[in-house]
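Chains as they are written, first to last, in the numbering used here: chain W, 1 to 316; chain F, 1001 to 1537; chain Z, 2001 to 2301.
By construction, these hints were calculated from the structure, which means they are not laboratory data.
Errors might be hidden in some of the hints.
Here are the simulated DSS-like cross-link-like pairs (lysine-lysine), alpha carbons at most 27 Å apart as the crow flies [what the hints assert, rightly or not]: (1) F/K1419 x F/K1218; (2) F/K1124 x F/K1108; (3) F/K1124 x W/K52; (4) F/K1296 x F/K1369; (5) F/K1516 x F/K1228; (6) F/K1519 x F/K1228; (7) W/K52 x F/K1419; (8) F/K1516 x F/K1276; (9) F/K1189 x W/K52.
Facing chain W, from chain F, some residues (calculated, C-beta under 7 Å) [what the hints assert, rightly or not]: (10) P1051; (11) E1059; (12) G1143; (13) N1197; (14) H1214; (15) D1441; (16) Y1445.
Cβ atoms here follow ideal geometry from the backbone N, Cα and C, with glycine treated the same way.
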Amino acid sequence: MRRYILRRLLLILPTLLGVAVLVFLLMRVVPGDIVEMRFAEGQFFNAELVAKERARLGLDRPLWRQFLDWLWGIVRLDFGLSMWSGNPITREIALRLQLSLQLAVMATVVAVLLAIPLGTLAALRQDTWVDYIVRVFAIAGLATPSFWLGIVMFLVLLSVFRWIPPMVFTPLWENPWQNLSQMIWPALAVGYRYSAVAMRMTRSAMLEVLREDYIRTARAKGLWQRLIVKRHALKNALLPVLTVIGLEFAFLMGGLVVTEQVFNLNGLGLLFVQSVARRDYTLVQALVLLVAFVYILVNFCVDLLYGWLDPRLRYQ
Amino acid sequence: MQLGRNGWWQGVLLALALSVVVLMVPGPFALAQEQPRSGGELIMAVPSEPPSYDGHREETFGLIHPIAPFYSLLLRVDPDDYTKVVGDVAERWTVADDKLSYTFTLRKGVMFHDGSPVTAKDVKASYDKIIFPPAGVVSDRQGQYTVVEAVEAPDDATVRFRLKWPSASFLLSLASPWNFIYKADTLAKDMHWYEQNIMGSGPFVFVEHVRGSHLVGKRNPNYWDKGKPYLDGYRALFISDTAARVAALKGERAHIEFRGLAPKQRDEIVKALGAKATVQESPWDCILLVAMNHEKKPFDDPRVRRALTLALDRYEGSRVLSQIAIVKEVAGVQVPSTPYATPPEALAGLAGYGKNIEASRQEARRLLKEAGAEGLSFTFKNRGIPMPYEPLGIWLIDQWRKIGVNVNQEVIEAAAYYKVLRAGEHDVAMDFQCGYIVDPDLDLYKFLSVDRNPSNYSRYSDRVLDDLYDKQSRATDSEERKQYIRQFEKRLLDEEAHYIMTLQWQRIIPHSAKVKGWKITPSHYLNQQLDTVWLAE
Amino acid sequence: MMQTKPPRAAVAQASRALSLPRWLRGVIRFARRWPLGAAGAAIIVVMILCAIAAPLVAPYHPLETDFAAQFSPPTLTHWLGTDAFGRDLLSRLIYGSRTALLVGFASAFVGATLGALIGVASAYFGGRIDLLIQRLVDLFLAFPIIILALAVVSILGTGVGNVIMAITVPMIPNCARVVRASALAVRQTPYVDAARAAGFGHGRIIFRHMLPNVMAPYLIMLTAYVGQAILLEASLSFLGLGVAEPTAAWGLMLRGAAVEFAETAPWMAIFPGLAISLGVFAFNLFGDSLRDALDPKLRVL
Chain W
1 MRRYILRRLL LILPTLLGVA VLVFLLMRVV PGDIVEMRFA EGQFFNAELV
51 AKERARLGLD RPLWRQFLDW LWGIVRLDFG LSMWSGNPIT REIALRLQLS
101 LQLAVMATVV AVLLAIPLGT LAALRQDTWV DYIVRVFAIA GLATPSFWLG
151 IVMFLVLLSV FRWIPPMVFT PLWENPWQNL SQMIWPALAV GYRYSAVAMR
201 MTRSAMLEVL REDYIRTARA KGLWQRLIVK RHALKNALLP VLTVIGLEFA
251 FLMGGLVVTE QVFNLNGLGL LFVQSVARRD YTLVQALVLL VAFVYILVNF
301 CVDLLYGWLD PRLRYQ
Chain F
1001 MQLGRNGWWQ GVLLALALSV VVLMVPGPFA LAQEQPRSGG ELIMAVPSEP
1051 PSYDGHREET FGLIHPIAPF YSLLLRVDPD DYTKVVGDVA ERWTVADDKL
1101 SYTFTLRKGV MFHDGSPVTA KDVKASYDKI IFPPAGVVSD RQGQYTVVEA
1151 VEAPDDATVR FRLKWPSASF LLSLASPWNF IYKADTLAKD MHWYEQNIMG
1201 SGPFVFVEHV RGSHLVGKRN PNYWDKGKPY LDGYRALFIS DTAARVAALK
1251 GERAHIEFRG LAPKQRDEIV KALGAKATVQ ESPWDCILLV AMNHEKKPFD
1301 DPRVRRALTL ALDRYEGSRV LSQIAIVKEV AGVQVPSTPY ATPPEALAGL
1351 AGYGKNIEAS RQEARRLLKE AGAEGLSFTF KNRGIPMPYE PLGIWLIDQW
1401 RKIGVNVNQE VIEAAAYYKV LRAGEHDVAM DFQCGYIVDP DLDLYKFLSV
1451 DRNPSNYSRY SDRVLDDLYD KQSRATDSEE RKQYIRQFEK RLLDEEAHYI
1501 MTLQWQRIIP HSAKVKGWKI TPSHYLNQQL DTVWLAE
Chain Z
2001 MMQTKPPRAA VAQASRALSL PRWLRGVIRF ARRWPLGAAG AAIIVVMILC
2051 AIAAPLVAPY HPLETDFAAQ FSPPTLTHWL GTDAFGRDLL SRLIYGSRTA
2101 LLVGFASAFV GATLGALIGV ASAYFGGRID LLIQRLVDLF LAFPIIILAL
2151 AVVSILGTGV GNVIMAITVP MIPNCARVVR ASALAVRQTP YVDAARAAGF
2201 GHGRIIFRHM LPNVMAPYLI MLTAYVGQAI LLEASLSFLG LGVAEPTAAW
2251 GLMLRGAAVE FAETAPWMAI FPGLAISLGV FAFNLFGDSL RDALDPKLRV
2301 L
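Go ahead and model the full structure; you've got the sequences and the hints to work with.
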């Protein structure tokens, strides 16, 4: 088991390094840079201006130099300054992290509250109309673009209820009512899609477990046993469900991008899109590393959980 | 359903007509009827955020709207009449007879927010940074002040500008909303300090800025203009999504957005707020242009270029597009209703500005045939910004189709756009011009030969045009200047058709009726110090 | 999973008695067993027919502007209303199905096929090659999809071909991982070792022996991907990085004017969104039933 953990831990570093190289190169290959973005519209634009600013941002140095300097900074946990605002990147990210994190957690809660009961219900009532409704509900969640759902939600709130959510983010502990009235809508839009995947997973996992011999025997024995059995079944079915929830949590960070735009949330997703549009290399690189790190971490934890819960997998 | 819709439309039109009528009344007269009230916090919605805080460096309105109230300028545009220049830090000035020297006397009692007085030394240091930036310092509009020989501060209250040649627009160029007055001592210690910090002498004092969210300013109790500002403070909300911004205005979470909204959004807001909304509209000093690369055949042939501009039915375009996009008037090289705007007779004489579109299009087809470019087909490069690039792109392609020209559009992401244009590989592309002040020197600069102005994406060299530009720039007699400008326009848009002008943008500002004392100008960079603004009950 | 229902036997008997062609009998059997999947398949067929017969079905040309009819609500002349340029929404939706299906099928096919090949190769060769490919797959999976797509579109520009490429890239590692799991099972059969011993080349073994045995997960991933590709195209277009105007594409129709005028002209935003949802919905329903039929144990997200 220890060897397993060690191996997985050691693999994290080269993966992160690979991500770092890839994002660095990708951003440099994409045409346009921040200096042009910033000054190209000016009426008195000239090449000298561009050269000055590029030198200031260090963009005129050879690529390998830039990469190594940046990497060295990362190692010392110094992510540098945003090329757009000149602010330290850690500060830019910290400002938005709270919102995105809260949204992710709320969406997860919504997803779990929807997925587990509904998925279990569908499994227990397989092939009945209840099952069909749940399955259709789940697939609709997968099919609906979350940003479109957000647009429709906004429309309904505005037209029918004549009310729009608050525009500025207040932290949960400062003003819970204002905070929740702003965040519940994107959480629902994102959570619905998230729950769809988990719902289907719960259903199929439960179905598999319910087919097991010991369950069938217990079933034959009567009602009271059935309750115990359901609890057993649920516990074993939870494993793949946890996997799905864990993996999707990481995808959430990337998927928040469009949702934050629609609901005007000052989160990491919006920052991401804006930074790419501005070619703010340092900020994009830091964000990608962050997302990749979260994904890898979650993956790792899930693998650990799997290994711990199911001894058979430890020896692979 | 049809009937209900018509009724609603009439209601909107009525509301609009009423608001427009109310605003037709000249400024001072309207102000005299209402007494400004002190107090209140103005909440403005801003579509984009300032990258850094240094006005000498940046060119986005995302800096002006939240940051301009913290700073004073030497001269500024009159909040009541944008064609006039008044003193801000400067109290009065004299111009030498040879027009090569401008001397300004500064007001007494102007203080920085840290308590120190604003002196000529500070004005000189700020302008030196703008006009003669040291190594490593970027001054975005340095090219505008090539006429300046030197800036002098003979004593604490006097600033003198010495010019190399007489310039008709010099005073106007000093009223640039970007020329914040910084503290000389601070600049001496660190030229980059003002990029990350705010400390000025304006009507408001900086409180806080939460990136991506909001920025707050409060009134400056020591402002030189006693009694002003009226507001207790203001809050700028950064809302990048247009629909969310409109919703903020409709839901009364913001009072005003200072850039401009689309016609249908104005209608939505008026419908939602009714009498609680006021709408101010004005032609905007921004326009989309079509650049035709003279280095690529057949766009080196003026007949082909003329054909492309003749194909456009600008008047129908104006009628139709003004309902869905932020464009409206058919104009020449200067914004309508400004001193050097094109008079109707001159406008009618330009290719593509005639009222008989059938005749124009026939002429266009004839020209194409003569130039051997029948069945012309090319790629039109457009910028990936929805408003108004998309609708205008679709309209242009549609109009060109009517003379048998087949165009397919290639949309390029905003960040890569200018790089592509500068590479000079395009055939025809959408170009853009926004002036921060209505000034022929600024608005005509783009059309200079490509070796003088690298932003000339039609990539031509026209010495006659250059010569006309220089003449108008130095003509201190306004009638003489008008003549040169008309000649410039004729050559640019008609004889050579170097560039095609589409429709003038229209600035539409629907705002809460509580906001008073702010008068719209053709530039979304002007009149943003907010010292004259007050909130009614 | 197999639940015998007496009526099915009766239907089977009846269809044989009526001597319906074999394939039709197969279809009816599928429809009875998995009605949801059949519904999905039906919608897909309608979509494909719309796409092929677009010029016949659509009442107007999708690029035809009619400024007099800007923003008109659903009426008899324009069944689903018009957009900001007076272009008929129904026609644009019908032509949009072409773009959606083209992008969907092309990306899914290329993505799933390349992914399957890589997964099979990885499982077949094993050892260091397998480890290397696995690390690369992990790398790309850790990368946010939006960035990859964004990068491709930024480098190559907008347009249908480039969007297809942008969507394909993130799909490859995902499919590789899933197929590899199945391929590993095949690899371990003595059959493959015997083939090697007999002197068959690598290529032959992979193509003729391993690939046919991973058809089930491959097909399932393929159908799942079509739905995902349509959604991804919609998101990219919404961000301005997808297909370019004035092409009719569902995702593109949701951007800009549709959102800005959402309150006065809600049909502009509602119908394209419904079309996307319906399309993805259909592919998911069908894919699900396919999975149930071929390999119920397969875990596909």
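To see whether the hints hold, each was checked on the structure:
As the CA atoms of F/K1419 and F/K1218 are separated by approximately 41 Å, the hinted pair breaks the 27 Å bound. Between F/K1124 and F/K1108 the alpha-carbon distance is near 16 Å, which keeps this suggested pair within the 27 Å criterion. The suggested pairing of F/K1124 with W/K52 holds, with an alpha-carbon distance near 23 Å, which does not exceed 27 Å. Proximity of F/K1296 to F/K1369 is assessed by CA-CA distance (about 18 Å); at most 27 Å being required, the pair is judged to hold.
For the proposed pair F/K1516 and F/K1228, the alpha carbon gap of about 14 Å is at most 27 Å, so the pair holds. Of the supplied pair hints, the one linking F/K1519 and F/K1228 holds, its CA atoms being roughly 17 Å apart against a limit of 27 Å. For the suggested pair W/K52 and F/K1419, the alpha carbons sit about 17 Å apart, so the restraint of at most 27 Å is met. The suggested pairing of F/K1516 with F/K1276 holds, with an alpha-carbon distance near 12 Å, which does not exceed 27 Å.
For a cut-off of 27 Å, the pair hint linking F/K1189 to W/K52 stands: about 20 Å separates their Cα positions. Annotation: interface hint on F/P1051 holds; nearest CB of chain W at approximately 5 Å, less than 7 Å. Taking 7 Å as the C-beta contact cut-off toward chain W, the hint placing F/E1059 at the interface holds, the least distance being around 5 Å. For F/G1143, the interface hint holds, the least distance from its beta-carbon to any beta-carbon of chain W being 3 Å, beneath 7 Å.
With its C-beta approaching chain W no nearer than about 11 Å, F/N1197 sits outside the 7 Å limit, and its interface hint is violated. This hint holds: F/H1214 has a C-beta 6 Å from the nearest C-beta of chain W, less than the 7 Å allowed. This hint is violated: F/D1441 has a C-beta 10 Å from the nearest C-beta of chain W, more than the 7 Å allowed. Annotation: F/Y1445 was flagged as interfacial toward chain W, and the flag holds, the nearest CB pair being 5 Å apart, inside 7 Å.
The structure does not agree with the numbered hints 1, 13 and 15 stated previously, though it agrees with the rest.
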